[in-house]
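*Asks:* Spelled out, the chains give:
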Amino acid sequence: MTRPLLRVEHLTMRFGGLVAINNVSFTAQHGEITALIGPNGAGKTTVFNCITGFYKPTEGRLALQSGDQALWDDLDTLTAGGAKSLRRADGGLFLLERMRDFEVSRDARVARTFQNVRLFQGMTVLENLLVAQHRALMAASGFTILGAIGWAPYRKAEHASIERARLWLDRIGLIDRADDPAGTLPYGAQRRLEVARAMCTEPMLLCLDEPAAGLNHRESAALNDLLMLIRDQDKTSILLIEHDMSVVMEISDHVVVLDYGEKIADGKPAEIRSDQKVIAAYLGVEDEEVDKVAAEVGL
Amino acid sequence: MSEALPDRDARPDLIRALREGALAALIAFALFLPLIGFSTVQNMRNEIVLEARWQLLFTLVAVIAGIRFLSTLLLAPWAERRAAAAALTKREVPPNGVAQVWRAMAARWFAPLALGFVIVYPPLVLGLNGFQGAAKWIDNFGIQILIYVMLGWGLNIVVGLAGLLDLGYVAFYAVGAYSYALLAQNFGLSFWLLLPVSGILAAFWGIMLGFPVLRLRGDYLAIVTLAFGEIIRLVLINWVPVTGGYAGISSIPRPTFFGIPFNASDEGFAATFGLPFTPIYRTIFLYYVILALALLTAAVTVRLRRMPIGRAWEALREDEIACRSLGINTTTTKLTAFAIGAAFGGFAGAFFAARQGFISPESFTFMESAVIVAMVVLGGMGSQIGVAIAAVLMIGGTEIMRELDVLKAVFGPDFDPTQYRMLIFGAAMVAITVWRPRGLISTRQPSAFLAERKAISGTLVREGHG
Amino acid sequence: MDVFLQQLINGLTLGSIYGLIALGYTMVFGIIGMVNFAHGDVFMVASFIAMVTFLLLTTWLGISSVVLALFIVLIVAMVLTGFLNWTIERIAYRPLRGSFRLAPLISAIGMSIFLANFVQVAQGPRNKAMPALFNEVIVLRSSETFDVAVSYKQIVIWLVTALLLLGFWFLVTRTKLGRAQRACEQDPKMAALVGVDVDRTISITFVIAAALAAVAGTLYLVYYGVVSFNDGFQPGVKAFTAAVLGGIGSLPGAVIGGLLIGLIETFWSAYFSLDYKDVAAFSILAVTMIFLPQGLLGRPDVEKV
Numbered sequence: 000m001t002r003p004l005l006r007v008e009h010l011t012m013r014f015g016g017l018v019a020i021n022n023v024s025f026t027a028q029h030g031e032i033t034a035l036i037g038p039n040g041a042g043k044t045t046v047f048n049c050i051t052g053f054y055k056p057t058e059g060r061l062a063l064q065s066g067d068q069a070l071w072d073d074l075d076t077l078t079a080g081g082a083k084s085l086r087r088a089d090g091g092l093f094l095l096e097r098m099r100d101f102e103v104s105r106d107a108r109v110a111r112t113f114q115n116v117r118l119f120q121g122m123t124v125l126e127n128l129l130v131a132q133h134r135a136l137m138a139a140s141g142f143t144i145l146g147a148i149g150w151a152p153y154r155k156a157e158h159a160s161i162e163r164a165r166l167w168l169d170r171i172g173l174i175d176r177a178d179d180p181a182g183t184l185p186y187g188a189q190r191r192l193e194v195a196r197a198m199c200t201e202p203m204l205l206c207l208d209e210p211a212a213g214l215n216h217r218e219s220a221a222l223n224d225l226l227m228l229i230r231d232q233d234k235t236s237i238l239l240i241e242h243d244m245s246v247v248m249e250i251s252d253h254v255v256v257l258d259y260g261e262k263i264a265d266g267k268p269a270e271i272r273s274d275q276k277v278i279a280a281y282l283g284v285e286d287e288e289v290d291k292v293a294a295e296v297g298l
Numbered sequence: 000m001s002e003a004l005p006d007r008d009a010r011p012d013l014i015r016a017l018r019e020g021a022l023a024a025l026i027a028f029a030l031f032l033p034l035i036g037f038s039t040v041q042n043m044r045n046e047i048v049l050e051a052r053w054q055l056l057f058t059l060v061a062v063i064a065g066i067r068f069l070s071t072l073l074l075a076p077w078a079e080r081r082a083a084a085a086a087l088t089k090r091e092v093p094p095n096g097v098a099q100v101w102r103a104m105a106a107r108w109f110a111p112l113a114l115g116f117v118i119v120y121p122p123l124v125l126g127l128n129g130f131q132g133a134a135k136w137i138d139n140f141g142i143q144i145l146i147y148v149m150l151g152w153g154l155n156i157v158v159g160l161a162g163l164l165d166l167g168y169v170a171f172y173a174v175g176a177y178s179y180a181l182l183a184q185n186f187g188l189s190f191w192l193l194l195p196v197s198g199i200l201a202a203f204w205g206i207m208l209g210f211p212v213l214r215l216r217g218d219y220l221a222i223v224t225l226a227f228g229e230i231i232r233l234v235l236i237n238w239v240p241v242t243g244g245y246a247g248i249s250s251i252p253r254p255t256f257f258g259i260p261f262n263a264s265d266e267g268f269a270a271t272f273g274l275p276f277t278p279i280y281r282t283i284f285l286y287y288v289i290l291a292l293a294l295l296t297a298a299v300t301v302r303l304r305r306m307p308i309g310r311a312w313e314a315l316r317e318d319e320i321a322c323r324s325l326g327i328n329t330t331t332t333k334l335t336a337f338a339i340g341a342a343f344g345g346f347a348g349a350f351f352a353a354r355q356g357f358i359s360p361e362s363f364t365f366m367e368s369a370v371i372v373a374m375v376v377l378g379g380m381g382s383q384i385g386v387a388i389a390a391v392l393m394i395g396g397t398e399i400m401r402e403l404d405v406l407k408a409v410f411g412p413d414f415d416p417t418q419y420r421m422l423i424f425g426a427a428m429v430a431i432t433v434w435r436p437r438g439l440i441s442t443r444q445p446s447a448f449l450a451e452r453k454a455i456s457g458t459l460v461r462e463g464h465g
Numbered sequence: 000m001d002v003f004l005q006q007l008i009n010g011l012t013l014g015s016i017y018g019l020i021a022l023g024y025t026m027v028f029g030i031i032g033m034v035n036f037a038h039g040d041v042f043m044v045a046s047f048i049a050m051v052t053f054l055l056l057t058t059w060l061g062i063s064s065v066v067l068a069l070f071i072v073l074i075v076a077m078v079l080t081g082f083l084n085w086t087i088e089r090i091a092y093r094p095l096r097g098s099f100r101l102a103p104l105i106s107a108i109g110m111s112i113f114l115a116n117f118v119q120v121a122q123g124p125r126n127k128a129m130p131a132l133f134n135e136v137i138v139l140r141s142s143e144t145f146d147v148a149v150s151y152k153q154i155v156i157w158l159v160t161a162l163l164l165l166g167f168w169f170l171v172t173r174t175k176l177g178r179a180q181r182a183c184e185q186d187p188k189m190a191a192l193v194g195v196d197v198d199r200t201i202s203i204t205f206v207i208a209a210a211l212a213a214v215a216g217t218l219y220l221v222y223y224g225v226v227s228f229n230d231g232f233q234p235g236v237k238a239f240t241a242a243v244l245g246g247i248g249s250l251p252g253a254v255i256g257g258l259l260i261g262l263i264e265t266f267w268s269a270y271f272s273l274d275y276k277d278v279a280a281f282s283i284l285a286v287t288m289i290f291l292p293q294g295l296l297g298r299p300d301v302e303k304v
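Protein chains in written order, with numbering that gives the first Met the number 0: chain L, 0 to 298; chain U, 0 to 465; chain G, 0 to 304.
There may be inaccurate statements among the hints.
[To be verified] Label-pair distances were calculated between CB atoms; the ranges are: (1) L:Ala138 with G:Leu176: 54 to 60 Å; (2) G:Tyr270 with U:Thr330: 53 to 59 Å; (3) U:Gln54 with G:Asn126: 53 to 59 Å; (4) G:Asn126 with U:Ala85: 51 to 57 Å.
[Claimed, not checked] Covered, in the sense of this in silico footprint (three residues per stretch, anywhere, with C-beta under 8 Å from a C-beta of chain U), are these stretches of chain L: (5) 118–125; (6) 132–139; (7) 177–187.
No wet-lab data here; the hints were simulated from the structure.
Positions of the beta carbon are idealized from the N, C-alpha and C atoms, including for glycine.
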């Protein structure tokens, strides 16, 4: 029984003459961790940027659904109608390629992190998490006007937002650093904070761009636990770009492999592990990585 | 501490200082030769001729060489020793040293004390100078500085919080001033009604101008705002039937004390309250009006910083792309900063028109925008106290230079200190920037905290890309 | 048609002067990413230096050949203004390098105020009028109502500008200095690693920018015959507009932008309204920025995610 959350269909992205992604299709399921892997320059981050609205894809459809699965039946009607989204009381259907970057996050509830961490360095750890709750707080504050005069429901929402931040700080082990500027945190903590910040937007889908890059073994293990907690407890699905095969094989439910902008494999981690095309793509990269990669995929 | 430092040989120091002094003399001579060494004057036949001013040239060159010589000889080694001593003692100072306690006390009490002072300032000045002398102090210093404090705080929202460099802020000040002047003159509406109207009109213009340009990044935004500022000023100059062109608008209605005019008539303020008539009542009234407006600006800013919109402004300054990934509509966020900043500029403009009774495009030049931006940056971006201190120093400093008649005793009766006002102003701007590039108060106060509010070092805070 | 031709001639002359100043803005922006607000005032100071030198040569030293005098004036103005800008960079901008992005801008605004008021204090607030030079004109087309004429001074301005641009072009494209400049523009840290003296290159850039402004100042004086202490701002802002219009950082762009602004201004004055000529220039700047933010020849600013 599959429950698709995100459907990427025939996605193509060209920059001038360069084809970064060519006709890639895959599906991410509700409640799963989907990993997007591939050698350097395979186009993984470009897929992310298309999904999160930072790039407008040249061709293709990116559809995201929340709530009632039956909404998928209306996908073609929505596409033909030209609207960005279809919203009902029991869920919504969104065409991400038609939405602007902030709309993807605000309306379709897709949150992301960045390959090179993008925290608000001069703001405190707590403030970073409060900024992420902008949408909810903004609505509660009556678009600032009611909040500014101390409207009670806003004060309640503000309190709730601090509690949510406290919860996440507990989860990522940064509660003691809440009042320190984000720029002074060690690198591993900054990565965790960026994940927590994305989670504070209460997303349906969390897109993580190499979350384990630069982490040591212990930090990497802690991150795995955090991601599984997010999947199982917060019911947030995850789409993840990762180079670290141990992370990918350990936590992902589904793996999509890209090479030179094309999809070369798609399946369960165990299937990917033995896929000849994947092995060739990885072995084809750099000589010094061959043994390491071979060991990691279990050859 | 001194024995830790290597012994200095006095002679190389002296030689070095002499060499630096001579070099400075040479540079100064070359730079001053054409414009100080010669003056261009018109002779009897109205032709332009040169007159040499060797004495002045050599005096200046000697002064500069002397300063350089002395600073190399005395100041530089002293600064070095101090820096070395500071580096050595840094680790030894306990966290609760006397200096820290003093600093914490100053940070805690400065704002309330300053507020208390500005509230009692008019009666204080009246008591010290009497009715005749006080007008100048309340008007030129009090009101003048408070207008700039308000403008600085208004622009601080745009530049300091949202990180958008606006070099045309004076345009909104002008919109406010002309809105009040024209509406009050043509429709006879009252100051208290027109004050919000002027602010709303300025905000409206802020949105109109901001909408097309706010997607621009970096210096482009600065340039377009500069261009808009100039366009508005040029329209004010050239649209003579409405704005009066260079001549401006005069006899603008003055504000009343909630309906009671400040004049010598029987219905006037003095007569109503049974006081002898003097124009100072209006000045004092205006002082408290602008004080209230400035405090309103500050209060609104403090409030907004703790609201989602204010946090979004600061987040925008830190990282715009991250903001968008969190679902923040950066265009409307920038637009609100622009509009709210413009509204305060408009309030200040309406007040300015009402206080002067006369406005002309002269008051709304690019230099005004530049001075307000300088206040925000030199004060420390985002810091309201810093901006206020910068405004007091910059405006108060230049005003006080008008008063330095004592210098006439030194330089002779022909000496006119006001001439040197802007010269010193410009030099001081350069000096302060070089001394404190991040402004007087460079730390940022967080808008929320869990356990303890800790100031954030200015080196971490970004300046935005707009 | 005749009016058109005449305005073309006038516009190109004005545009040449704007182009020379614009080069200074664009060079400095290209190398340290700073909007040098004091550049217009450096141009004004150069104009004063040129005037004093010219008077010195003709009235004190008795040089009667105007061409020779002008030649010497150009050299003196370029050297002294270059020296002035070198000093300014050392005092006001170098200590701020690598710090807060807005600090050099504020420092430059302060320097601009200082320079304008320095000239006002040193030379007085009134307009300074020079004896007119090269007043002869060549009539190109003549009709009953209107003569299309080129004045000698316009020809002088074109010649000097063209020669200087050639020399300048050679300097930045064919010499080691030009290569060092482009290297610093791309990546100052990397340039320093491969042995480029970044500080020196930046200093020389300021000197060249000032020398070009000095030529512009001299030509401005020759063209209008009058200068005052607040003549730095308007031409400065227009030249800056020109640099942005052409694409800030692009050298040919600055020249093209300068010519365009000069032409727009003269044509607008002739066909529409003299009063609104500056509004036209600024409006075109704003419109260009909104629809073509990188200017005519600038590199597009790609957003990296």
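*Asks:* Would you mind marking each hint as holding or not holding in the structure?
*Replies:* Here is how each hint holds up against the structure:
| no. | hint | in the structure |
| --- | --- | --- |
| 1 | L:Ala138 with G:Leu176: 54 to 60 Å | holds, 59 Å |
| 2 | G:Tyr270 with U:Thr330: 53 to 59 Å | violated, 37 Å |
| 3 | U:Gln54 with G:Asn126: 53 to 59 Å | violated, 27 Å |
| 4 | G:Asn126 with U:Ala85: 51 to 57 Å | holds, 52 Å |
| 5 | 118–125 | holds (count 7) |
| 6 | 132–139 | holds (count 5) |
| 7 | 177–187 | holds (count 6) |
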